[in-house]
Amino acid sequence: MIAELGAFCLVLALAFSAAQLCLSIVGRWRRSLALAAAGEGAAVAAFCGVALAFAALMHAFVTSDFSVANVAANSHTDKPMLYKVAGTWGSHEGSMLLWCLALTGYGAAAALLGKSLPRGLRAVMVATQGALGTVFLAYTVFASNPLARLAEPPVEGRSLNPLLQDPALAVHPPFLYAGYVGMSVVFSLAVAALVEGRVDAAWARWVRPWTLAAWSLLTVGITLGSFWAYYELGWGGWWFWDPVENASFMPWLAATALLHSAVVTEKRGALAGWTVFLALAAFSFSMLGAFLVRSGVLTSVHAFAVDPTRGVLLLIILGLTAGLGFALFAWRAAKLPAGGLFAPVSRESTLVLNNILLAAATATVLLGTLYPLIREALSGEAISVGPPYFNLTFTPLMAALLMLLPAGPLLAWKRGEAKLLVQRLWIALLIAAAVGLLAYALIRPRQAWGAAGLALGAWLVAGALAELVERTRAFRAPAGESLRRLVGLPRGAWGMTLAHLGLGVFVLGACFETGWRAEAAETLPLGGSLDVGAYHLTLAAVHPVEGPNYQAERGEILATRAGRPVCRAEPERHVYDTGGQTTSEVAICYQGLSHLYVVLGERREAAGPPVWLVRAYWNPWASLLFAGPVIMALGGLVSLSDRRLRLGVGRRREPPA
Amino acid sequence: MRLRTLAASLAAVLCMAAASDPAERLPDPAQEARARHLFAQVRCLVCQNETIDDSEADLAQDLRRLVREQVRQGRSDGEIKRFLVDRYGEFVLMRPTFSAGNAALWIGPFLVVALGAGLLLVRLRNRGPEPELDDEAAERLRRLTDEAL
Chain A
-17 MIAELGAFCL VLALAFSAAQ LCLSIVGRWR RSLALAAAGE GAAVAAFCGV ALAFAALMHA
43 FVTSDFSVAN VAANSHTDKP MLYKVAGTWG SHEGSMLLWC LALTGYGAAA ALLGKSLPRG
103 LRAVMVATQG ALGTVFLAYT VFASNPLARL AEPPVEGRSL NPLLQDPALA VHPPFLYAGY
163 VGMSVVFSLA VAALVEGRVD AAWARWVRPW TLAAWSLLTV GITLGSFWAY YELGWGGWWF
223 WDPVENASFM PWLAATALLH SAVVTEKRGA LAGWTVFLAL AAFSFSMLGA FLVRSGVLTS
283 VHAFAVDPTR GVLLLIILGL TAGLGFALFA WRAAKLPAGG LFAPVSREST LVLNNILLAA
343 ATATVLLGTL YPLIREALSG EAISVGPPYF NLTFTPLMAA LLMLLPAGPL LAWKRGEAKL
403 LVQRLWIALL IAAAVGLLAY ALIRPRQAWG AAGLALGAWL VAGALAELVE RTRAFRAPAG
463 ESLRRLVGLP RGAWGMTLAH LGLGVFVLGA CFETGWRAEA AETLPLGGSL DVGAYHLTLA
523 AVHPVEGPNY QAERGEILAT RAGRPVCRAE PERHVYDTGG QTTSEVAICY QGLSHLYVVL
583 GERREAAGPP VWLVRAYWNP WASLLFAGPV IMALGGLVSL SDRRLRLGVG RRREPPA
Chain B
8 MRLRTLAASL AAVLCMAAAS DPAERLPDPA QEARARHLFA QVRCLVCQNE TIDDSEADLA
68 QDLRRLVREQ VRQGRSDGEI KRFLVDRYGE FVLMRPTFSA GNAALWIGPF LVVALGAGLL
128 LVRLRNRGPE PELDDEAAER LRRLTDEAL
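These protein sequences, in sequence, are chains A and B. Heads up: the first sequence is residues -17 to 639, going by this note's numbering. Heads up: the second sequence is residues 8 to 156, going by this note's numbering.
Don't read these hints as lab results, they were simulated from the structure. Be aware that one or more of the hints could be misleading.
Stated by the list, open to error - If you want the ones that stay clear, here's a sample from chain B, every Cβ over 10 Å from chain A, calculated:
{"#": "1", "residue": "Ala37"}
{"#": "2", "residue": "Gln38"}
{"#": "3", "residue": "Gly81"}
{"#": "4", "residue": "Arg82"}
{"#": "5", "residue": "Pro116"}
What the hints assert, rightly or not - So the derived label-pair ranges between C-beta atoms look like this:
{"#": "6", "chain 1": "B", "residue 1": "Gly96", "chain 2": "A", "residue 2": "Ala325", "range": "51 to 57 Å"}
{"#": "7", "chain 1": "B", "residue 1": "Ser106", "chain 2": "A", "residue 2": "Ala382", "range": "22 to 28 Å"}
{"#": "8", "chain 1": "A", "residue 1": "Leu540", "chain 2": "B", "residue 2": "Asp93", "range": "45 to 51 Å"}
{"#": "9", "chain 1": "B", "residue 1": "Leu126", "chain 2": "A", "residue 2": "Gly305", "range": "45 to 51 Å"}
All C-beta atoms, glycine included, are put in the ideal place defined by N, C-alpha and C.
All chains should be modelled from the sequences, with the hints used to inform the complete structure.
Spelled out as structure tokens, the structure:
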């Protein structure tokens, strides 16, 4: 019964979304406050409908109601409760429902919080959000209904894959989707701005909080996915340039570019057209990602069992939505104001360069992801585009961006002074050079590129701190005044500093880990040992372990460094009762910021005593890889809490129409 | 998401940095290092977007044996890659070749940079004196900034 109610609510939500679209359009056209307000009400109602449907699906998962097809295919009574709940968004159908929940949720939030927007802009924004909701809800209702019943319910669900039962993976999709779909508000705002012909500082100020929120959530989502791959896939990698990873990375890059260009539009009125373009692009990339992951047009580690029919539908949705958005852009963009002028050395210039490089980076990821498809369609020849391609294209673009980065915040708007910039940054430059030289001289094996990467990371961190020093006049003004300035800094400034600092932290981790990671693998008998980096690992014992639905061997591996014991790693190898699948549970010893990563492989019965294949990785500073993006996301949230950005601030009291 | 995670976990089961297996290793560490370097550039043809360095599939194991054998015989990286391409097509290389068919792929990113830089230069060159705000615009600006704060 609850499932039927949920399905009914879903259809109701579709109707409300369509009503939201129509009422808002008519409201805008007739300039009727009542109709526009009704459109906003419909937005809230649509969200309530989807929320009820989502709750119904979750209820079906929690109570293991196998008469619901989706639950029967994707759950099992023996699953721990957390993963039953997470199963709600674990399948294609469920994840589309989550997408719709986020979409209508953002629509309702935009309608409720949008009181300070001009009425026309607000009505068109709510209408666009309604159009998106209608399209995606129609897809969910008619092509991928998560609440469809089975005529003959099975006694037990089909899926009990313990590999998927992982806390990071359980919360990864909600963050990712909240990020993806958050861009829809920005998309709607862009459409509204084009329709109304109004792109100004106030509009850009409105785009910023939504972009910041979506960007922060997307950052967290991508980081969670990467961290999961790192400790679960068992070979110590954290980014594989896999198409599915790329699909989540493109909207992130576009949103990052948008955050920066929106600043220029807000403060200087320039780049209006480009900002609108990026606002459209960010959500288009989100939809492209949703399509790529589900359609099976790309071979990926992550996606193989897919449904081509649904893929075609999603492609039509993508083409229609993004196509209409960009067509509107092509039609109206010429009328947008050109905005303020600026000198070659100015903050605007660095932000434009930032955008050029980020756009090129996005294009690289897009090309690398889709080019094999294009090439095959055109000439029938299959090619692969793997990590070496991205190392040769994406990495230099990013390196150029990172070299430029510390200069941006320290330059004045309109016309900056190179001399002043050098005065403010020479210490940071000195620190970066020192770090690079020391790394080159001291760390073995000698790695020129790794050392250069560390210098770049230090440059970012020192540059972010130099900016803080500059703002607080530290070391120049009395300490009391500096402290007062530090406390008085706007949250937006703190957010930017944190985000840039986090990026520096990430670069330090990425370069150190990539440059100096060590790997070792040996087949070891009990008591045997291997060396990795400075560590000496001894296989002390292997115990059999009985799991709930698997048999396991747990290795006891003692690690010593210079003769002193540092940790005991207990990696496991599981063999599942059904299907005989085997998995490895990695053990990670945290040594400061670095990881000693130990994998127990298969047992090999040779002549004599049994031996085990043991793999160990020394991943120096690997913690920074994940701490960096978390700091960046934190920066986004701090910036979001800025008083000047708070939603509803600056509400204008318009005379009644 | 489920399918994706299922696939990823299957990958985890099948493909665990298989190339480091000591049973397959070459005795000469320098040659082994060179072979490992090559593995990272060769695709496991039957896998989902993985190199033979990572994959534990049978085919990947065969390819590794093939590459190691050729490294042992002292053939150069270029020769080995050419041999693989002749046998399996360009699909086997993780890094696409610098060829006419891939021109757009390799030039594209830098074209975007060139285009953007060109537009920026035009914009910077064409700037004349800053136009003064007329009264109406100044009033609007004042309203907007008041409202924003």
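Results of checking the hints against the structure:
no., hint, result
1, Ala37, "holds, 13 Å"
2, Gln38, "holds, 17 Å"
3, Gly81, "holds, 24 Å"
4, Arg82, "holds, 20 Å"
5, Pro116, "violated, 4 Å"
6, B:Gly96 with A:Ala325: 51 to 57 Å, "holds, 53 Å"
7, B:Ser106 with A:Ala382: 22 to 28 Å, "holds, 26 Å"
8, A:Leu540 with B:Asp93: 45 to 51 Å, "holds, 49 Å"
9, B:Leu126 with A:Gly305: 45 to 51 Å, "violated, 24 Å"
Checked against the numbered hints above, the structure violates hints 5 and 9; every other hint is satisfied.
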